Amino acid sequence: VTSWCRIRPPGLWACALLVVVAGNLLLSACGSGAGQGASTNPTAGQTDTDGFYGMVVTTPLRKPSFTLPDTSGVPFDFAKETEGYVTLLYFGYTYCPDICPGSMAMVGTALKDLPADVTDHVKVVFVSCDPARDTPERLRQWLDNFGESFIGTIPASQAEADEIAQRALGPFWAPITNEDLGGGDYSVSHPAVIVAYTTDNLAHVLYPFGVKVSAWEHDLPKLVEEGWTGS
Amino acid sequence: MDRIMRPLRTFSTLVLAGALVLTLAAAVSCGGDEDTGTEAVKVGDLEITDAYARVVMDGGAAYFTIKNTGSADDALVGAASDVAGKVALHESVGDGTTMTMRPVEEIAIPAGGEAILEPGGYHVMLTDLKQPLEEGDTFKVTLTFKEAGSVDMDVTVRAFTESDDGMDGTMESGETPPAAGTP
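Top to bottom, those sequences are chains A and B.
Per this note's numbering, the very first residue in the first sequence carries number 135; after that it's consecutive.
Per this note's numbering, the very first residue in the second sequence carries number 1154; after that it's consecutive.
None of these hints come from the bench; they were simulated from the model.
A quick note: this is a predicted structure, and the numbers were derived from the prediction, not measured.
Check before you lean on any hint, since a few could be wrong.
Said to hold, decoys possible - Pair ranges (Cβ atoms, derived): (1) 1222(B) <-> 317(A): 29 to 39 Å; (2) 313(A) <-> 1299(B): 21 to 31 Å; (3) 333(A) <-> 1261(B): 42 to 52 Å; (4) 313(A) <-> 1210(B): 18 to 28 Å.
Stated by the list, open to error - Interface residues of chain B toward chain A, partial, derived using beta-carbon atoms under 7 Å: (5) 1209; (6) 1233; (7) 1236; (8) 1238; (9) 1251; (10) 1253; (11) 1255; (12) 1276; (13) 1278; (14) 1313; (15) 1314.
Glycine included, each C-beta is placed from N, C-alpha and C at the ideal position.
Only chain B is shown next, with the shape it has when bound in the complex (with noise of 0.2 Å):
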């Protein structure tokens, strides 16, 4: 790390000490063992696990976990789903102080690897929801893979703050604020 917070230090309007990266590290973290998803699909030899949605208004985003236990790669190439008038593959870029929202072709999923989708990241993109969807409620979503084919998923509500994807709303154990002055 030091070889990559060393230019910083050369911009005078910057600093990100050491207790950004600290605090902001611990800050953000990913219980994504966490058992708060739907339950997992499977197609092919891909696993989905943990499909969420947050929803405000007439948009929302769904994220989930594929994991390739194959030993070929595949890819997220299409969603759809009934509850929306446009579905689309979006991914969220930027460097945290400025982002944007771009659509993207496919998602990679790796012989072996996972794709994850993520606020901040990939995410399929839910325009023009026909019907109010609140906390709780579940909706299917299709999704199609370069390989594995078509599969439908459960997709459940979740609030902003609920979630195990690094945006947790609760101060999880043995996690503290950074004490004052120290790094």
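Extracted from the complex, chain A is given alone in its bound form (with noise of 0.2 Å):
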């Protein structure tokens, strides 16, 4: 597990979260000697979570400003469109193999399970880091495969999406660069983590990589019906 810490963290702190989010979400228990820790609790009697799937914060995140045009070239409004419902907002790319289909294919399947009395109270928002090669169509076809309703903005470029990350991310924000793959080809280091409004504009749940279609389709309800009425 401490080899993670090599990874270039943000701060300490996400050298102590990797700890323990990597062990429990990344390497699983998949036989790697790590998430040893799922057989105790080493927390008892703190009842911040709120029994939310997800990973509470103390201190909630703003929902940014921002306006973007979306997928048909239209200003999307972010803090607007979004006033009143569940957002989640997300920041990927399309060529993303590996983390963000995996991301946004667990919210969408939860939202085609989960009754309309809930998913019409929810938008999902995809903020794009890879503005040079995510083109509106492209962004557009990539995520109908994970939901029709999905919303995909397009900043100008990556330093514009790497500040609206920093805005909404806070003390989770690390800067948003592409890394070379050879040949032309780059991946892009991303936010993987989904944060999750609630009605209060805060976001007081995160969701980092690995969350799964059930924790999603326990949360989403509690965070529509309950709003946020945790610590």
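Using the supplied hints, reconstruct the complex from the two chains, each of which is provided in its own coordinate frame.
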């Protein structure tokens, strides 16, 4: 597990975080020797999570304001258009073969399974971290694999995506950068967490990579029906 | 775990409460013995099982498990397939909140051990797919190992939510959501 700390964490907190999150989410318990904490309860008595599968933060994240063209080219005013909805915000790119489609598929499948009285109150907004390659047509086609209602937005530049991500993610932000794969190809280092805003326009719960459909199906109705009633 | 958790509490912005550890760990599981992949392939002392791929549009990733039953270390050093314009060994790395993907020279398979290629970790990246692949389709991938040589294997395309790799789309028996207010 400690080897994950090599991976240029944005700060000490990240290193501590990744020990826990990587141990449980990424390495899982697949014979890797990590995630052994699953059978113990290190913080018995704490009730901060209020029964969410997601990662509850003590200092909620404010919903950012930004306007970007959607996949139809129409300006999408994020704060205005998502007012009153449980809003899932994700930063990704369509040439991402592993992390992004996995995360979007889990959310999309849950939304297909959940009743309309829940899903009518949920919006999913995707911000491209790779505007150089994510054309509106390509992003639309890609998102349709997971949810035709998913809103795709494309910043003018990667720097703009990064600026929005920084405001949205606060202490969970790390720079969005391209990583050379050789032969002119590149991958994008990007936030893998889905930020879940409730109708108070705050995100109290974050969903790191690896959250399953069943977890979404548990948490989304709670976020819609109860709003934020936690600590 | 308490030793790991303690430093976290010094960060006021973040509380990873016990329920996080418990529930997310519970939300991630690995039914590795579930036989849902293609048939096992053997080459030398290596056995490759549960090969599958996930595909979106013109890109995808292949995953499988390689067991090394021998007494010498080996390593996966290459992968090739006719279905894609580019095939490469990659690793997704990060802390779960920020992730990136980078090429790897080789994936070690220690003697008596195994290498697991799975979402969020090592994978064979397939870029520029030459034809659309759909769920249930099977295609060939040639793997090259440092010691054991090369072998062809079948890889089956699976839905993103149909897998036994920890991102299973179904609630497993005995797994229950956390009760409200109870970590």
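For each hint, the structure was consulted:
1. 1222(B) <-> 317(A): 29 to 39 Å: 36 Å Cβ-Cβ, so the 29 to 39 Å window holds.
2. 313(A) <-> 1299(B): 21 to 31 Å: Holds, since residue 313(A) and residue 1299(B) (Cβ atoms, about 25 Å apart) stay within the stated range.
3. 333(A) <-> 1261(B): 42 to 52 Å: holds (49 Å)
4. 313(A) <-> 1210(B): 18 to 28 Å: For residue 313(A) and residue 1210(B) the Cβ distance comes to about 21 Å; the hint holds.
5. 1209: Interface hint status for residue 1209(B): holds (5 Å vs cutoff 7 Å).
6. 1233: violated (15 Å)
7. 1236: Residue 1236(B) check fails; min Cβ-Cβ to chain A is 14 Å, beyond 7 Å.
8. 1238: violated (10 Å)
9. 1251: holds (4 Å)
10. 1253: holds (3 Å)
11. 1255: holds (6 Å)
12. 1276: holds (6 Å)
13. 1278: Hint on residue 1278(B): holds, closest Cβ of chain A at ~5 Å, below 7 Å.
14. 1313: Holds, about 3 Å.
15. 1314: Hint on residue 1314(B): holds, closest Cβ of chain A at ~5 Å, below 7 Å.
In this structure, the earlier hints numbered 6, 7 and 8 are contradicted, and the remaining ones agree with it.
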